[in-house]
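**Q** Each chain is listed here by its residues.
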Amino acid sequence: MSAANQTDLRADIIAIRDEFPILHQQVNGNPLIYFDNAASNQKPLSVIKALSHYYQHDHANIHRGIHTLAERATEGYEESRKIAADFLNAAEAEEIIFTKGTTEGINLVAATYGRKFLSPGDEIIITNMEHHSNIVPWQLLCEEKGLHLKVMPLRENGEVKWEEFDSMLTEKTKIVSVVHASNSLGTINPVQEICRKAHQAGAIVVVDGAQATSHLELDVQALNCDFYALSSHKMYGPTGVGILYGKRKWLEKMPPYQGGGEMIKEVTLEKTTYSDIPHKFEAGTPNIADVVAFKEAIRFINRVGKTTIKKHEDSLTSYAHQKLNDIGGLRIIGNAPEKVGVVSFTVDQLHHFDLGVMLDAKGIAVRTGHHCTQPLMECYGLEGTVRASFAVYNTTEEIDRLVEALGIIVDKLRN
Amino acid sequence: MSSIRGIQDEIIDEFSMLDGDLDMCVEYLIELGKKLDPLSKQYQTEDNIVKGCQSKVWLVAGQEDGLVNYQADSNTMITKGLVSMLIRVLSGQTADDILNADLYFINKIGMNRFIGTQRSNGLAAMIKQMKLYALAFMAKEQKNESS
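Chains as they are written, first to last, in our numbering: chain A, 21 to 435; chain B, 35 to 181.
These are computed hints drawn from the structure, not numbers from a lab. Each hint should be verified, as a subset may be incorrect.
Below, a list of computed lysine-lysine pairs in the DSSO-like style, where the Cα atoms sit at most 30 Å apart [as the list claims (entries may be wrong)]: (1) LYS432(A) x LYS68(B); (2) LYS194(A) x LYS273(A); (3) LYS267(A) x LYS326(A); (4) LYS432(A) x LYS177(B); (5) LYS69(B) x LYS162(B); (6) LYS136(A) x LYS69(A); (7) LYS142(B) x LYS432(A); (8) LYS75(B) x LYS432(A); (9) LYS165(B) x LYS432(A); (10) LYS165(A) x LYS273(A); (11) LYS330(A) x LYS120(A); (12) LYS170(A) x LYS273(A); (13) LYS120(A) x LYS291(A).
Footprint (simulated), chain A over chain B, 3 or more residues, beta carbon under 8 Å [to be verified]: (14) 60 to 72; (15) 106 to 112.
Every residue, glycine too, gets a C-beta built ideally from N, C-alpha and C.
All chains should be modelled from the sequences, with the hints used to inform the complete structure.
**A** In structure tokens form, the structure reads like this:
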């Protein structure tokens, strides 16, 4: 990058940081450095204001009311659906189901598609790097229906051994469920290729996109995945909202997930008929305000631009790798050539808990432990790691402070 | 042996000299942990693990001359420090005093400030386990007295 471009990007990032009021505070007497973005990232003012505006001006229950506020609230909610559909390049807005988050999305697919289309002896393939939310729903389904769960192994560098995928796929494989980007390792999986091979074998593909949506270009039609689950709070949006994208042909055939209001056409005591998609899968009053505010998160990402986001975060990640590798006894876990901004590490003879607490005492927020990927940790023979994960508002100066703090802490703990 | 209250007040005094500086509090905690007698490997078993801690804590208890004694260890330095303070406060006391102990020193030294809810749960689990041991010893005592 030229010096002029670097200066421009730096100025852009400073301007972006100003949109996030939470970043400008002291924690334990030090300026906050927020490196826990894989757990949840922070919200720009536009999202915060949209939430407040909704409750101050537009709130009413949606879809059924005939009065003005009900119409405004409904419009705000459905506009978020359209914007989300464009963001994912879904063929139509009806393929966007609003959920509580990625976990609910995957559970929905397991409970409805899984129960209806899988039979005893069928197989589900996941990888050894999955988050528990992309393991447990499948384990529950396997137990209920007598299915087999097969797990793709990993290489030392944190990539999946995809060369073994062909031999793992059989005519019994019905679902392949993979994480797009690993929350513990940062590894980006080749979803498009996975979909191509899985479809050839007659299986559908479910993608856990929680860690990908704020970092990577997304086009569900180009990926050709059957389902894609994501969380708003991991892409600068409010908590309690997520999206399950599903191809219309599947969503129409799937039975409802939860029963209640909104998802019905007609209810009698003898029989009930259900709404068309997407409302069939949105029972009860949803998290309206946060769905309405969610569109501002998408607008924020579109305004900054995925290209800028990726360029900046890639430079942070490689800078972090370079600087952290200089610390004696530090080992980075997850060195795949294609990564999102997640850097997990261990330090010889020092426990991640101690490192994390001492970093917190210096105002640096990282995550410690197994990151809800216990099978992955077992694979590496670890109890846990320290994880620094980046967002577009992080800077190389913050990484310098992390490295400096770690150097001091490691010295202190070793002596 | 000082009372539970007396020992807690000593600890509060020691921490007050650190002026609320979090870095120094954590370092002091680690120093305290280093002084904790290591627990023999034979006691570092699944049965002795205190559940609910982010880090591993092993806790064993015994009773002698009517007083409860604890030994503990952890695989993290900060938790060792927390454990050493709890042992300092509760070890060598009667089961009855342990059961009725109000452990106000934890808040007073600001441990809740840098120990978030998860970590507090670990601390709470340790205290609960120590009190459970005291309860068990008390029940045993009462049984012996009545037989």
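**Q** For every hint, state whether the structure bears it out.
**A** Structure-based check of each hint:
Between LYS432(A) and LYS68(B) the alpha-carbon distance is near 13 Å, which keeps this suggested pair within the 30 Å criterion. For a cut-off of 30 Å, the pair hint linking LYS194(A) to LYS273(A) stands: about 16 Å separates their Cα positions. Annotation: proposed proximity of LYS267(A) to LYS326(A) holds, straight-line Cα distance about 24 Å (limit 30 Å). Taking the CA atoms of LYS432(A) and LYS177(B), the gap is near 50 Å; set against the 30 Å cutoff, the hint is violated.
Restraint check for LYS69(B) and LYS162(B): the C-alpha separation of about 23 Å stays at or below 30 Å, so the hint holds. For the proposed pair LYS136(A) and LYS69(A), the alpha carbon gap of about 42 Å is over 30 Å, so the pair is violated. For the hint linking LYS142(B) to LYS432(A), the alpha-carbon distance of about 26 Å falls within 30 Å, and the restraint holds. Taken as a hint, the LYS75(B) and LYS432(A) pair is honoured in the structure, with Cα atoms around 26 Å apart against an allowance of 30 Å.
The suggested pairing of LYS165(B) with LYS432(A) is violated, with an alpha-carbon distance near 34 Å, which exceeds 30 Å. Between the alpha carbons of LYS165(A) and LYS273(A) the distance comes to roughly 19 Å, so the proposed pair stays at or under 30 Å and holds. Distance hint between LYS330(A) and LYS120(A) is fulfilled; the C-alpha atoms sit about 27 Å from each other, no more than 30 Å. The hinted pair formed by LYS170(A) and LYS273(A) meets the criterion: a straight-line CA distance of about 26 Å does not exceed 30 Å.
Between LYS120(A) and LYS291(A) the alpha-carbon distance is near 28 Å, which keeps this suggested pair within the 30 Å criterion. Only residues whose beta carbon comes within less than 8 Å of a beta carbon in chain A count, and the segment 60 to 72 of chain B has 3; three or more means the coverage holds. By the rule of at least three residues with a Cβ nearer than 8 Å to a Cβ of chain A, the coverage given for the segment 106 to 112 of chain B holds, with 4 such residues.
The earlier numbered hints that this structure contradicts are 4, 6, 9.
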